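Asks: If you read the protein sequences in the order shown, they are chains P and D.
Under numbering that gives the first Met the number 0, the first sequence has 256 at position 257, and the numbering climbs by one with no breaks.
Under numbering that gives the first Met the number 0, the second sequence has 168 at position 169, and the numbering climbs by one with no breaks.
Think of the hints as simulated: they come from the structure by calculation, not from any bench.
Heads up, a few of these hints could be off.
Unchecked claim - Which stretches of chain P does chain D cover? Using the computed rule of at least three CB atoms under 8 Å from a CB of chain D, they are:
#1 15 to 22
#2 106 to 116
#3 125 to 132
#4 208 to 218
What the hints assert, rightly or not - Straight-line C-alpha distance at most 25 Å; calculated BS3-like pairs for lysine-lysine:
#5 D:267 <-> D:50
#6 D:74 <-> D:265
#7 D:265 <-> P:219
#8 D:50 <-> P:134
#9 P:186 <-> D:12
#10 P:104 <-> D:12
Remember, predicted model here, so these are calculated numbers, not experimental data.
Virtual Cβ for every residue (Gly too), placed ideally from N, Cα, C.
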Amino acid sequence: MVGRKKLWVKILVILILIIGTLWAGFPILWMMLNSFKPNAEIFAWPPVWISKSASFEAYIKIFHNPEQVRFFINSYVIAGIVVCLTLVVGIMASYAFSRFNFRGKEFINTVIVAVQAVPPITLLIPYLSLIVALKIYNTYWALVLTYLVFTLPYCILMTTGYFNTISRALDEAVMIDGGSRWYALWKVLVPTSIPGLVSVGMYTFMQAWNEYLFALTLTKTNEMRTVPVGINLLMGQHAYEWNQMMAMSVLGSLPILILFLFFQKYFIAGMTSGAVK
Amino acid sequence: MNTANQTAKIRKKITPYMYLMPTIVLMVILLVVPICMVIKFSMLDEAITSKAPSFVGIKNYVKVLTDKNFWNAAKNTMFFVLVSIVAHMVIGMVFAMVLNTRYLSSTTKGLCRVIFALPWMFTASVIAILWRLMMNPSGIINYLIVTLHLSPEGVDWLASRSVALIAVTIINIWSGYPFYMISMLAGLQGISTDMYEASALDGANGIRTFIHITLPSLKPILISLIMLDFVWTLQQFALIWMTTGGGPVGSTETIATYIYKQAFSKYKYSIASTAAVLLLIICIIIGIFYVRHQRSEE
Numbered sequence: 000m001v002g003r004k005k006l007w008v009k010i011l012v013i014l015i016l017i018i019g020t021l022w023a024g025f026p027i028l029w030m031m032l033n034s035f036k037p038n039a040e041i042f043a044w045p046p047v048w049i050s051k052s053a054s055f056e057a058y059i060k061i062f063h064n065p066e067q068v069r070f071f072i073n074s075y076v077i078a079g080i081v082v083c084l085t086l087v088v089g090i091m092a093s094y095a096f097s098r099f100n101f102r103g104k105e106f107i108n109t110v111i112v113a114v115q116a117v118p119p120i121t122l123l124i125p126y127l128s129l130i131v132a133l134k135i136y137n138t139y140w141a142l143v144l145t146y147l148v149f150t151l152p153y154c155i156l157m158t159t160g161y162f163n164t165i166s167r168a169l170d171e172a173v174m175i176d177g178g179s180r181w182y183a184l185w186k187v188l189v190p191t192s193i194p195g196l197v198s199v200g201m202y203t204f205m206q207a208w209n210e211y212l213f214a215l216t217l218t219k220t221n222e223m224r225t226v227p228v229g230i231n232l233l234m235g236q237h238a239y240e241w242n243q244m245m246a247m248s249v250l251g252s253l254p255i256l257i258l259f260l261f262f263q264k265y266f267i268a269g270m271t272s273g274a275v276k
Numbered sequence: 000m001n002t003a004n005q006t007a008k009i010r011k012k013i014t015p016y017m018y019l020m021p022t023i024v025l026m027v028i029l030l031v032v033p034i035c036m037v038i039k040f041s042m043l044d045e046a047i048t049s050k051a052p053s054f055v056g057i058k059n060y061v062k063v064l065t066d067k068n069f070w071n072a073a074k075n076t077m078f079f080v081l082v083s084i085v086a087h088m089v090i091g092m093v094f095a096m097v098l099n100t101r102y103l104s105s106t107t108k109g110l111c112r113v114i115f116a117l118p119w120m121f122t123a124s125v126i127a128i129l130w131r132l133m134m135n136p137s138g139i140i141n142y143l144i145v146t147l148h149l150s151p152e153g154v155d156w157l158a159s160r161s162v163a164l165i166a167v168t169i170i171n172i173w174s175g176y177p178f179y180m181i182s183m184l185a186g187l188q189g190i191s192t193d194m195y196e197a198s199a200l201d202g203a204n205g206i207r208t209f210i211h212i213t214l215p216s217l218k219p220i221l222i223s224l225i226m227l228d229f230v231w232t233l234q235q236f237a238l239i240w241m242t243t244g245g246g247p248v249g250s251t252e253t254i255a256t257y258i259y260k261q262a263f264s265k266y267k268y269s270i271a272s273t274a275a276v277l278l279l280i281i282c283i284i285i286g287i288f289y290v291r292h293q294r295s296e297e
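Throw the hints in and build the complete structure from the sequences for me.
Replies: Here you go:
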């Protein structure tokens with residue numbers, strides 16, 4: 000009786016695995032397959048699974064188009080700056096939260112947690128006039144500064160948590176030896192928290208790389224567009240060159256996929272920190 | 000001697016603020032000021048477009064709250080959010096539990112965990128374009144439907160008024176469940192095996208163990224997940240904008256696309272600001288509950 004029940008559970012588990020793999024994996028496989036097809040075969044009926052004339056043509060076209068290469072450069076530069084600034088500013092704030100008691104601490108902390116609930120679209124309209132007033136419309140800074148508002152809170156909460164696990168005795172020892180607080184933070188606390196900071200950095204990179212709404216509205220010219228906006232621009236411009244759009248999608252997803260596959264543990268730590276205590 | 004001591008004391012007092020300075024400056028300029036601005040815009044008659052807009056009080060709020068299109072958007076948003084959350088939760092839970100069983104080798108588990116988590120790694124525009132390709136009238140999904148004889152002819156997923164909202168909800172379900180799955184998996188792995196063994200000794204079956212041990216242990220995580228997901232899905236813009244643009248005929252219009260259209264295609268910034276403030280209020284209320292919940296867990 001028990002053996003039979005176990006068998007049924009096993010069959011159910013395997014069935015769910017197969018359905019799950021198809022549900023999660025098939026669309027991604029389909030994206031890759033289509034990026035190698037000639038455009039004429041995209042909507043062939045019955046579908047062409049692996050094209051006889053499969054080629055890297057779509058990828059080559061993207062790499063030969065300076066406008067599209069520019070989308071990638073913009074995305075890398077912006078995400079890179081956002082990660083660096085978020086970490087520097089966030090580490091400093093986390094140090095204050097972790098090592099000091101001061102007036103307003105509780106209040107500032109509450110604001111930082113609550114910012115995660117503020118919808119970007121609510122800030123969009125004031126940002127538009129603010130960014131124009133600051134004369135940074137259609138520049139990297141328009142995106143870098145606005146992204147920081149949404150990347151910093153998460154960074155501060157995570158990093159404060161990591162710093163709290165490190166004994167105060169460690170940085171006090173540095174200060175007794177004549178080192179400054181600043182030195183203790185960057186030479187002792189930060190190196191000890193590298194694994195946590197890697198998680199934070201990756202999550203921040205993902206947030207910046209994937210952002211769409213601000214990238215769409217706070218930049219105007221094609222040479223300032225990022226990958227998420229750029230992919231969508233291909234739709235209008237090239238009269239539905241589906242193979243190129245799929246190739247661009249694959250290329251645009253690669254940085255995050257590589258981070259995920261190679262640093263799974265850190266990536267998952269970053270993902271779960273919002274809900275799992 | 001005394002003055003040196005005092006300066007040291009003052010220095011110690013202001014040190015934390017020095018470390019916080021960049022964060023505070025940034026949050027004031029790019030968060031506090033914009034929120035005040037959007038509230039102000041919502042009370043002007045022609046914000047941004049007019050050089051000298053006049054104060055109209057709550058007139059815009061009355062206008063938005065009596066706008067048929069706004070309520071249509073609110074209704075669609077509610078459907079989109081509720082169905083997404085329930086589906087995310089169910090799919091996430093099932094996958095997490097399967098990945099946590101002892102029937103599978105750790106290699107299979109590792110591989111499946113990666114595959115199941117994949118949709119989370121893609122940006123909204125990639126997801127939108129990919130599903131537009133698959134949901135095209137002559138796309139792969141319709142091919143499967145016709146070949147498997149589920150329906151004599153294909154469905155025009157994103158262009159038909161009756162199914163477009165369901166279609167964008169499915170896309171959102173696909174892109175969001177891994178967040179639940181990964182978090183719940185971490186939660187499941189935190190439940191001690193002793194509890195399961197004790198429950199098995201008591202003769203409890205799978206379903207009873209699930210209700211009395213698994214669910215209560217996951218409850219705090221689930222509450223956090225639902226609140227985060229609620230806020231995120233409520234303001235989902237990119238996915239809908241790039242698949243249907245709110246159409247056809249407003250059938251997938253959500254609060255976010257409503258705000259965007261009022262601002263950027265109709266240039267009614269005051270109306271857009273008003274709807275944006277209403278959205279903010281809902282999100283902040285949930286945010287407060289989230290903060291309280293997180294605090295009580297600590």
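Asks: Each hint needs a verdict: does it hold in this structure or not?
Replies: Okay, the hints, checked on the actual structure:
Counting residues of the region 15 to 22 of chain P whose beta-carbon sits less than 8 Å from any beta-carbon of chain D gives 5, enough to reach three: the coverage restraint holds. With a cut-off of 8 Å between beta carbons, the region 106 to 116 of chain P has 9 residues touching chain D; three or more are needed, and the interface restraint holds. For the region 125 to 132 of chain P, the assignment as covered by chain D holds, since 5 residues bring a beta-carbon within under 8 Å of that chain's beta-carbons and 3 suffice. Counting residues of the region 208 to 218 of chain P whose beta carbon lies closer than 8 Å to any beta carbon of chain D gives 5, which meets the minimum of three for the stated coverage.
With a C-alpha separation of about 14 Å, the suggested pairing of residue 267 of chain D with residue 50 of chain D holds against the 25 Å cut-off. Taking the CA atoms of residue 74 of chain D and residue 265 of chain D, the gap is about 22 Å. The hint holds against a cut of 25 Å. Under the criterion of a C-alpha separation no larger than 25 Å, the hint pairing residue 265 of chain D with residue 219 of chain P is consistent with the structure, at around 18 Å. Using a Cα cut-off of 25 Å, the hinted pair residue 50 of chain D and residue 134 of chain P holds, with the two alpha carbons roughly 19 Å apart.
Only pairs whose Cα atoms come within 25 Å are accepted, and residue 186 of chain P paired with residue 12 of chain D is accepted, the gap being roughly 23 Å. Note on residue 104 of chain P and residue 12 of chain D: the hinted pairing holds, with a Cα-Cα distance of about 13 Å set against a maximum of 25 Å.
Of the numbered hints listed earlier, not one is contradicted by the structure.
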